[in-house]
Amino acid sequence: MENRPLAVYGTTLASRLLVGTAQYSSPAVLAAAIKASGAEVVTVSLRREAGGNRAGESFWSLIRGLGVKVLPNTAGCCSVKEAVTTAQMAREVFATSWIKLEVIADDDLLQPDVFGLVEAAAILSRDGFQVFPYTSEDLVVAERLVGAGCEVLMPWAAPIGSARGLNNVFGLQALRKHFPAVPLIIDAGIGTPAHAAAAMELGYDGVLLNTAIAKAGDPVAMARAFALAIEAGRLAHCAEPIPPRDMAEPSTPQIGRAFVDLPRHA
Amino acid sequence: MAGSSQKIRVVGAGVVGLAVAHELARVAQSVEIVERASAPGLGCSYLAGGMLAPWCEEEGAEPLVLEWGREGIEYWTKTVPAAETKGTLVVAPPRDRPDLIRFSRLTAGFEWLDAAALAEREPDLAGRFDRAMFFPHEAHLDPRRATSMLAARLREFSTVHFRFDTAAETVTEPADWVVDCRGLAARDALPDLRGVKGEMLVLSTREISLKRPVRLLHPRHPVYVVPRGDGRFMVGATVIETEDRYVTARSVLELLSAAYALHPAFGEAEIVETGADLRPAFPDNLPRIRRAGRVVYVNGLYRHGFLLAPALARRAAAVVLRDAHFPEVMDADPGERQRA
Numbered sequence: 000m001e002n003r004p005l006a007v008y009g010t011t012l013a014s015r016l017l018v019g020t021a022q023y024s025s026p027a028v029l030a031a032a033i034k035a036s037g038a039e040v041v042t043v044s045l046r047r048e049a050g051g052n053r054a055g056e057s058f059w060s061l062i063r064g065l066g067v068k069v070l071p072n073t074a075g076c077c078s079v080k081e082a083v084t085t086a087q088m089a090r091e092v093f094a095t096s097w098i099k100l101e102v103i104a105d106d107d108l109l110q111p112d113v114f115g116l117v118e119a120a121a122i123l124s125r126d127g128f129q130v131f132p133y134t135s136e137d138l139v140v141a142e143r144l145v146g147a148g149c150e151v152l153m154p155w156a157a158p159i160g161s162a163r164g165l166n167n168v169f170g171l172q173a174l175r176k177h178f179p180a181v182p183l184i185i186d187a188g189i190g191t192p193a194h195a196a197a198a199m200e201l202g203y204d205g206v207l208l209n210t211a212i213a214k215a216g217d218p219v220a221m222a223r224a225f226a227l228a229i230e231a232g233r234l235a236h237c238a239e240p241i242p243p244r245d246m247a248e249p250s251t252p253q254i255g256r257a258f259v260d261l262p263r264h265a
Numbered sequence: 000m001a002g003s004s005q006k007i008r009v010v011g012a013g014v015v016g017l018a019v020a021h022e023l024a025r026v027a028q029s030v031e032i033v034e035r036a037s038a039p040g041l042g043c044s045y046l047a048g049g050m051l052a053p054w055c056e057e058e059g060a061e062p063l064v065l066e067w068g069r070e071g072i073e074y075w076t077k078t079v080p081a082a083e084t085k086g087t088l089v090v091a092p093p094r095d096r097p098d099l100i101r102f103s104r105l106t107a108g109f110e111w112l113d114a115a116a117l118a119e120r121e122p123d124l125a126g127r128f129d130r131a132m133f134f135p136h137e138a139h140l141d142p143r144r145a146t147s148m149l150a151a152r153l154r155e156f157s158t159v160h161f162r163f164d165t166a167a168e169t170v171t172e173p174a175d176w177v178v179d180c181r182g183l184a185a186r187d188a189l190p191d192l193r194g195v196k197g198e199m200l201v202l203s204t205r206e207i208s209l210k211r212p213v214r215l216l217h218p219r220h221p222v223y224v225v226p227r228g229d230g231r232f233m234v235g236a237t238v239i240e241t242e243d244r245y246v247t248a249r250s251v252l253e254l255l256s257a258a259y260a261l262h263p264a265f266g267e268a269e270i271v272e273t274g275a276d277l278r279p280a281f282p283d284n285l286p287r288i289r290r291a292g293r294v295v296y297v298n299g300l301y302r303h304g305f306l307l308a309p310a311l312a313r314r315a316a317a318v319v320l321r322d323a324h325f326p327e328v329m330d331a332d333p334g335e336r337q338r339a
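Residue numbers (numbering that gives the first Met the number 0), protein chains in the order written: chain B, 0 to 265; chain S, 0 to 339.
In isolation and in its complexed conformation, chain B is listed as follows (with noise of 0.2 Å):
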């Protein structure tokens, strides 16, 4: 199949890699982890870093630099009025209509409440916000933010910095065969360049991740790890992989190979 670019909200990225800026050892680690990664969207907690002030513009100011597109979310919300109250705040701190959404359940647990995630998204919507909810891999959630206006999906692979790659292949293979045409990126729980290769084969248009790289011995080195395998799974994908199968399937025709029952220790 044609390999054509991802396109969010009309914006066409090249790079189907996107990374949160939360948890390095400096911000010229992360600029220089964000470059290596080719990445050419960010995402940024404005709860915890920013403040809602220009409390932390020298911060923001530095990742303005890159040269990147900043997707504000809305880590650490617990309701849809915080998550709502949040968004508005980034839009006006961002200057940008993008918002990654997050309702969590439970800071501890830290799992979608995805029925507060349906109401802050059609809140949202509503108000010209373009918004990358994070949710399960659930098709009855996926079909209410759909509904709600949502015009990219972002399912997460396992809890919030769990590291344990693709949970629940099978929800989320079902998930990219209900909305072939809605663009799906995985967010959360990715731990290896193998998660995220994996998830490109099945067919996701993309991957967010943060703690995968940031918490790495060497982040740099691990952002660049992840662009390659993100680019690997999706050629492999658009080249169409060959289905497993039970048995072993000579590579070679055998019919005709010579003395094919001679003894091995002959």
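By construction, these hints were calculated from the structure, which means they are not laboratory data.
Hints are not guaranteed to be accurate.
[Claimed, not checked] Output of the computed footprint for chain S on chain B, the stretches with three or more beta carbons under 8 Å from beta carbons of chain S:
| id | segment |
| --- | --- |
| 1 | 16-27 |
| 2 | 56-65 |
[To be verified] 20 Å max Cα-Cα, derived SDA-like pairs, lysine to any residue:
| id | chain 1 | residue 1 | chain 2 | residue 2 |
| --- | --- | --- | --- | --- |
| 3 | B | Lys-68 | B | Glu-200 |
| 4 | B | Lys-80 | S | Arg-249 |
| 5 | S | Lys-85 | S | Leu-209 |
| 6 | B | Lys-80 | S | Lys-85 |
| 7 | B | Lys-68 | B | Leu-108 |
Keep in mind that this is a model prediction, so the values were computed, not measured.
Ideal placement from N, C-alpha and C gives every residue a C-beta, glycine not left out.
Please build the complex by placing chain S on the supplied structure of chain B, with the hints as guidance.
Just chain S, lined up with the frame of chain B:
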């Protein structure tokens, strides 16, 4: 130049300014320390953790922090003996065991303790963790006591004068050199300096005793508890990329949860203090010595004020007295320096 006494003005009496003044005074220079507050060590030095833990810092810091941090331990245990070398403990709750493994892979200079060995070193942590990392060469100090000791040491020199309650701009008398150690206040001259908020609190309880700092790893909010003696424990510190200076409810919640996870008896402790301030930092979180004519800036010590001040002070003095050059911290063009 080193032999003849010059008049050197040090601006800022935090740990960096005091350490620079000390290095200069020790080689018989006339030093005037100008400080806007009414006493030494009241800026962000006042809220420091006072952990001299360069091996632990290898988890996220550049190798320079370990190398120069060892000089810091030497200084604070021998030259100005404010620190005790009791080591550092690093523990994690069972479900955050992967964080302990990660920490052990990124650091060196530690030994593993099992539950019994941990109980032997810190009886109050008996049975609370089945495994701990122990960094035996690390030390800790009480920052307020340390800056007082250093200021007292400086007062012994007849060539050293303090001027408190004095803003640097109001001082017009000439000086041969100015060493600017104002921390974040120097951002007018150092445009790539930023503030990174840190929040801390102090708990008081007689129910727990610890001999050494304990770091509790957590994927989102790692904290440390540093015994200050007299039943007091400093719990710190958040690291937030913002420049407001207030203590948030959420941070207190996180710091207290971590202290409680370390030992439930902290739940009964009295909160005797909370505080927030901004650490001065450059984009790579490494310190800088910058020279502009006869002004030398020493800044950006980030989370490593007490740890790195002695090494920076020694080198800043060499810049003033011998025109020395230290490429690892002296960049010509701000922002040019890349990660080593």
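Verification of the supplied hints:
no., hint, in the structure
1, 16-27, "holds (count 4)"
2, 56-65, "holds (count 4)"
3, B:Lys-68 with B:Glu-200, "violated (26 Å)"
4, B:Lys-80 with S:Arg-249, "holds (18 Å)"
5, S:Lys-85 with S:Leu-209, "holds (10 Å)"
6, B:Lys-80 with S:Lys-85, "violated (49 Å)"
7, B:Lys-68 with B:Leu-108, "violated (29 Å)"
In summary, the numbered hints that this structure violates are 3, 6 and 7.
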